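Residue numbers (numbering that gives the first Met the number 0), protein chains in the order written: chain R, 0 to 292; chain P, 0 to 291.
The set of hints was computed from the structure by calculation and includes no laboratory data.
The structure presented is a predicted model; accordingly, all values stated were derived computationally and were not measured.
Glycine included, each C-beta is placed from N, C-alpha and C at the ideal position.
Keep in mind that a hint or two might mislead.
Unchecked claim - Simulated coverage check for chain R against chain P, where a stretch passes if three residues somewhere in it have a Cβ under 8 Å from a Cβ of chain P:
(1) 62-71
(2) 252-266
Said to hold, decoys possible - Residues on chain R that point at chain P, a partial pick, calculated with CB under 10 Å:
(3) 35
(4) 37
(5) 39
(6) 41
(7) 89
(8) 108
(9) 135
(10) 136
(11) 137
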Amino acid sequence: MFVMHQVRRMACAMTAGAMLLVGAPALAQDKDPNPGAMTVTASFDFLNQYMFRGIRQNSTGIAMWPAVDLGIATYSGKGGLKSLGVNLGTWNSLHTGDTGSDGASGKLWYESDFYASLGFGFGGGTSFTATYTSYTSPNGSYSTVKEIMFKLGVDDSGHLGKAAVKPYVIVARELSAELDGLTNGQADAGLNAGTYMEIGGAPGYSGKKASVAIPIKAGFSLGDYYELAGVDNKFGFFSIAAIGTVPLGGTTNFGAWNIHGGVEYQRLGTTTQAFNGGDKNQIIGSIGFGFTY
Amino acid sequence: MARSYRWRGGGTNAIATVVLAAVVSCVAPIPARAQGASADPNPGNLTLTAGIDYTNAYLFRGIPQDDTGVILWPYGDLGIALHRGDGAIKSASVSVGMWNSLHTGVAGLDGLGKLWYESDFYATFGLGLGKGTNVGVTYTAYNSPNNGFLPVKEISFKVAVDDSGLGRASVKPYAILARELEGQADGGAGEGTYLELGAAPGVITRPRLSLTVPVRLGLSVSDYYEGANGDERFGFVSVAGVVTVPLSSMPTRFGTWNVHGGVEFVRLGDRNEAILGARSKVIGSIGIGLSY
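Could you put together the complete structure from these sequences and hints?
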């Protein structure tokens, strides 16, 4: 049986969702300490459970997620292409339980990811992003996974206002299957590099003092992403969450800070259920703080 | 017997320190000059410094790591200015960052099958005192993603004096005292304590070009350069010339970028010479840097 290795991203999604909701309203209220083309976003979250696209990563202890992102607004215009941005960042997962400091390695640092994104903004709130991610495990819990991901999203808040659902679709392809004696460079530790699809939306309400988002998503295998005993199961997971974000004051010379927390429910498919010790359901709680500068 | 590259690394090695210091010191004045022109894209309290350098050899405090293939050092630092005042404490700051070393040679792709030889995380708390005196304490975790060396955790203290008030006679002296908390740079029997004495005089400081000549001396206070004959006091002495050329005279929306390069001559102690197989090494580097 393979370990519940592999990676995150729901993490990123939750944090990013929180960031997006927090940032905008509060930021506009105060003098911007950073009017240039670069934006730093960082966060630190605590969770009871780490599930990467429905695949369980730890059975005991807690997970901590320090993350930092540098966004570079390389272009903005009024033509067909409204904006062009580059993002570089690192996302990490530190575990106290069986896949971290209490595990065989005795080391906390379970996961360290590096990613680079190129994002295009078009009219009507439509955006297209290509992301390359290298998922590594400093404590050797799994072998490195390299992935290219494409995301198409629509920010429909301009048309629908508070009824906006901000739908998106993601297709990700594992690029390599490294063999280093641990696993084989795949999220499912299967026989072949897989292709993943996620469909989701993030409706929410944003007020002056707080915001709430209700991210909904479903993850599927387009090919070999949720392999189990030689069978690729199409359905990976369905998730619904509620994330509250409270800005910590306005924007200062140190940026805009917030505290956020949420609860997520996941319904798992056949493969992910097996990885979850046979349990079809998973509840995840998280709390953390973040800032945008 | 450990392979040559296993004598682990550590964040800022010889030329990395030289270049980083040069980048920061050379880049920093530019935004200040431009402030009057209200061109600073980032007047807040956070400063991002980043870059990537290419070098032909990596010696960490004189300890040979690799001199084969291509060696790249991508790094990033986020500085937070916590306090500025006119009292005894002129400034207080925190910085966190990462420093990495990627190798295609024996310490990387060719030897271990993986590029990422070293990844360091550090956090520094610094205080600016009167007369240009600065003190700082830094915690560093040195890790090797490709298992080229075992992790090392270290705490270091630095005292530096910015005597730029002396004009061309300024030498900007500093002293670093570092103590290994876990793991060892020399792969020896016990955690060591390291002392570095140095200076970074600026020979030429012009808006379009700067030349600094950093000089460094690395010593073992205890168990830092353990070899066949026990702990050797002298680790290395180095002198370098580092040129930095800003890519614009004013900060842009993307910060201030520069190209920098340098040559460093390193003279090693017996223990490090035995590993390298030579008494001295000439290290060249070139890179790009960003301050935002």
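Hints and how they fare:
no.: 1; hint: 62-71; in the structure: holds (count 3)
no.: 2; hint: 252-266; in the structure: holds (count 3)
no.: 3; hint: 35; in the structure: holds (3 Å)
no.: 4; hint: 37; in the structure: holds (5 Å)
no.: 5; hint: 39; in the structure: holds (6 Å)
no.: 6; hint: 41; in the structure: holds (8 Å)
no.: 7; hint: 89; in the structure: holds (7 Å)
no.: 8; hint: 108; in the structure: holds (8 Å)
no.: 9; hint: 135; in the structure: holds (6 Å)
no.: 10; hint: 136; in the structure: holds (9 Å)
no.: 11; hint: 137; in the structure: holds (6 Å)
When the structure is compared with the earlier hints, no violation turns up for any of them.
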